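Taken in order, these protein sequences are the chains called A and B. Quick note: the first sequence uses our numbering, first residue 1332, plus one each step. Quick note: the second sequence uses our numbering, first residue 282, plus one each step.
It is worth saying that the hints were derived from the structure and are not from the lab. Just so you know, these numbers come straight off a predicted model, no measurement behind them. Heads up, the beta-carbon is just placed ideally off N, CA and C, and yes, glycines get one too. Treat the hints with care, since some could be wrong.
To spell it out: a stretch of chain A is covered by chain B in this simulated footprint if at least three of its residues, at any positions, have a beta carbon under 8 Å from a beta carbon of chain B; those stretches are [what the hints assert, rightly or not]:
1. 1358-1368
2. 1383-1396
3. 1399-1408
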Amino acid sequence: MYLCSSMQLASIPSGHSVRIHSLAGVDLLLRRRLMDLGVREGTVISITRRGLWGGPVIIEYKGQFIGLRQREARLLEVTVS
Amino acid sequence: MNIIALFGNPNTGKTSLFNKLTRSYASVGNWSGVTVEKKVGTLRDKSALLVDLPGAYSLHPLSLDEGVTSRFLIDEPPASLINIVDASQLERNLYLTVQLLEYGCPMVIGLNMIDVARGRGILIDEQRLSRQLGIPVLPIIARSGQGTRALLQHIAALRTDSTADDIPFRLDYGKVIEHTLQQLTTAIQSALPDRTPQYARWVALQLLESNPVVEQYAASLLTPDFIRQQTEQCQQQLAAGGADITPSEQLRRVRTEWIARLYSQVADHSRADSRTLTEKMDAVLTHPLLGIPIFLLMMFTIFKLTFDWAGNLLADQIDALISGPVSSGATSLLQLAGASAFTQGLIVDGIIAGVGGVLVFMPQIAILFLMISLVEDSGYMARITLLMDRMMEYVGLNGKAFIPFIIGFGCNVPAIMAARTIEQRRERLLTILLVPLMSCSARLPVYILFAGVFFASHQAVVVMLMYVLGMIIALGLARLFSHSPLFAREKSFFLVELPPYRVPQPLSLFRSTWEKVKGFLHKAGTIILAGSVAIWLLSHLGMQGYGVDMDHSLLAAIGGLFAPLLDPIGFGTWQAVAALLTGFMAKEVVVSTMNIIYHAPTMEGLGVQLGSAFTALQAFSFMVFILLYTPCLATVSVIRKETQSWKWAGFSILYALITAYIAALLIYQLGRLIGYS
Chain A
1332 MYLCSSMQLA SIPSGHSVRI HSLAGVDLLL RRRLMDLGVR EGTVISITRR GLWGGPVIIE
1392 YKGQFIGLRQ REARLLEVTV S
Chain B
282 MNIIALFGNP NTGKTSLFNK LTRSYASVGN WSGVTVEKKV GTLRDKSALL VDLPGAYSLH
342 PLSLDEGVTS RFLIDEPPAS LINIVDASQL ERNLYLTVQL LEYGCPMVIG LNMIDVARGR
402 GILIDEQRLS RQLGIPVLPI IARSGQGTRA LLQHIAALRT DSTADDIPFR LDYGKVIEHT
462 LQQLTTAIQS ALPDRTPQYA RWVALQLLES NPVVEQYAAS LLTPDFIRQQ TEQCQQQLAA
522 GGADITPSEQ LRRVRTEWIA RLYSQVADHS RADSRTLTEK MDAVLTHPLL GIPIFLLMMF
582 TIFKLTFDWA GNLLADQIDA LISGPVSSGA TSLLQLAGAS AFTQGLIVDG IIAGVGGVLV
642 FMPQIAILFL MISLVEDSGY MARITLLMDR MMEYVGLNGK AFIPFIIGFG CNVPAIMAAR
702 TIEQRRERLL TILLVPLMSC SARLPVYILF AGVFFASHQA VVVMLMYVLG MIIALGLARL
762 FSHSPLFARE KSFFLVELPP YRVPQPLSLF RSTWEKVKGF LHKAGTIILA GSVAIWLLSH
822 LGMQGYGVDM DHSLLAAIGG LFAPLLDPIG FGTWQAVAAL LTGFMAKEVV VSTMNIIYHA
882 PTMEGLGVQL GSAFTALQAF SFMVFILLYT PCLATVSVIR KETQSWKWAG FSILYALITA
942 YIAALLIYQL GRLIGYS
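The following block holds chain A by itself, in its conformation from the complex (with noise of 0.2 Å):
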């Protein structure tokens, strides 16, 4: 049971599901925007796109998509599970 540890959204390869764990390291102001969107602690997200040179990803949530900056979803601590 211990394979699910915390980790950035950033090292999981695109097409994966991962549960997020915090979102105490996200900026109040872009929190708030997830939260609006239904995306909080506890919630299953999947990676869809991954942008090149740093470009945004796509991250989908219960058939909603959202883009999202890379230095942003960095912040996000997911697990795996």
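Given chain A's structure and the hints, the job is docking chain B onto it.
Just chain B now, with coordinates in the frame of chain A:
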């Protein structure tokens, strides 16, 4: 009249419903933040006023457009609400619904996009939802108008039966929060004795959430010390109880848990499809490598279509009509009526030449508008922001700034207003200031005219070059400005919702294109008409009175004053100065002025005249100068309004003039160095 207000998350179809219910036409699109200010219309049966508001995820605003919704609830309490929710994203949409229920105004839910939800295999039990929330829930498809009639009937019923016996909606936020709410509510109630206890509780709730709009409002009701004392106490008690969260986090937690329970009872996901068409399309259109080339290819196709394939053919037809039958018909009519030479000159050489010379370009403008509407409606707009964000971040902007930029290709005025959805103040201001560098449709007639005369074989490429140049200069200046002390550095983030793609409806495309074309025609009948009359008069009046040779007219005198300044950039003639000065009113007037000054009966004739007045290099320098030189009057006034500052409005004129001069100078002088004349 009663007021009904439309609330809902961004991009859930509020404006589509508004258009269906009111016979008005407000622009719609498929991205978050199309509507940035409130719009009022009358219901078709004239029984009430309907107010369309910008979309918001919650009543706590993060951007300017969202602030409109909370302010509306406080300043103009509506008689009833319509809450539009997106059936395919119901759980997220219900968060705003809970806050609206807490506000306590009679309300109906329009469950929109049930077709999209069904397509994705999500089934919503709307009757159960209605029972749980205690308000009517009606399935609708706002785009086609399905179900809107029933929705209207329910609203009418809401207004007739009094809601006195209804139990007000209330969530239990736990002992600590409820205690603070009680304290705040009592204080608010005594400041507002004629409002309901439900309303007082809503204000208290929004205060605990630190909604800035409500905080400002409450400052007039309660002492700031009292509010601070209550919230701090609440915070301490929460901490003492072992919960390490702020009051606003606790509110959100209670609401989301309540919503999650409700949602699991009313929604059926068992048939949900895993991979949708949108995902398949995004795999190509937002592809890390191919995404940007595909976008550029699409833009190029739009230009080819506008100039080479369709637009020019149609424009030639209109030109033949105006310079032929209309012009000669008017002349013979005026002669028949015995009009003086002055009247004949004013009407035929002034108004018909000036206004007609611009109307000729309507086909190209209409096609460009249609293309922009297509991008707005399909859902591609949000993807463009995603593709461009990396580059925009590099220059100190946000991918979202690309939406105003693209709208700016149509007209800069709505584009500057569209910048309201950008959350960061600094990025919003930068976007507003740079939008005027996006080549709007008013500048198009100038390019087509000059490119047609001087670069006939590469027209589409030369015109596209203008657009690209405007964009490159905008990005370069963004980089320059964002690193200057004028713009304080601010934390920035980019988050964009990518809506499902949809096939644009022909009728909706036609309407939005027509609305924009109508705006162009209206401009032709007002500013361009007035400008043409003024130019004709000024070019025929001199110190000796009416009928002087044009080179001794007032217009020549005014133009001649500034002409030496423009010598280094290639067009130091009084004619060019006159066109540039009048172009400040509206950029199309540049073409009207050319038509009147060079006094040519047809486009071909004007071409010959221009060909002898400009060389190709001078013409190119002139086109670039027109692209950059100053925002038009309407744009400057909207910049002043949106930035609340004359300083920034003045800055927008000044930096544009300097940039235009430098760019034209480089082009003309370098061009001469390498052997062009």
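Hint check:
1. 1358-1368: holds (count 9)
2. 1383-1396: Holds, because 10 residues of the stretch 1383-1396 of chain A bring their Cβ atoms closer than 8 Å to Cβ atoms of chain B.
3. 1399-1408: holds (count 3)
The structure meets every hint from the earlier list without exception.
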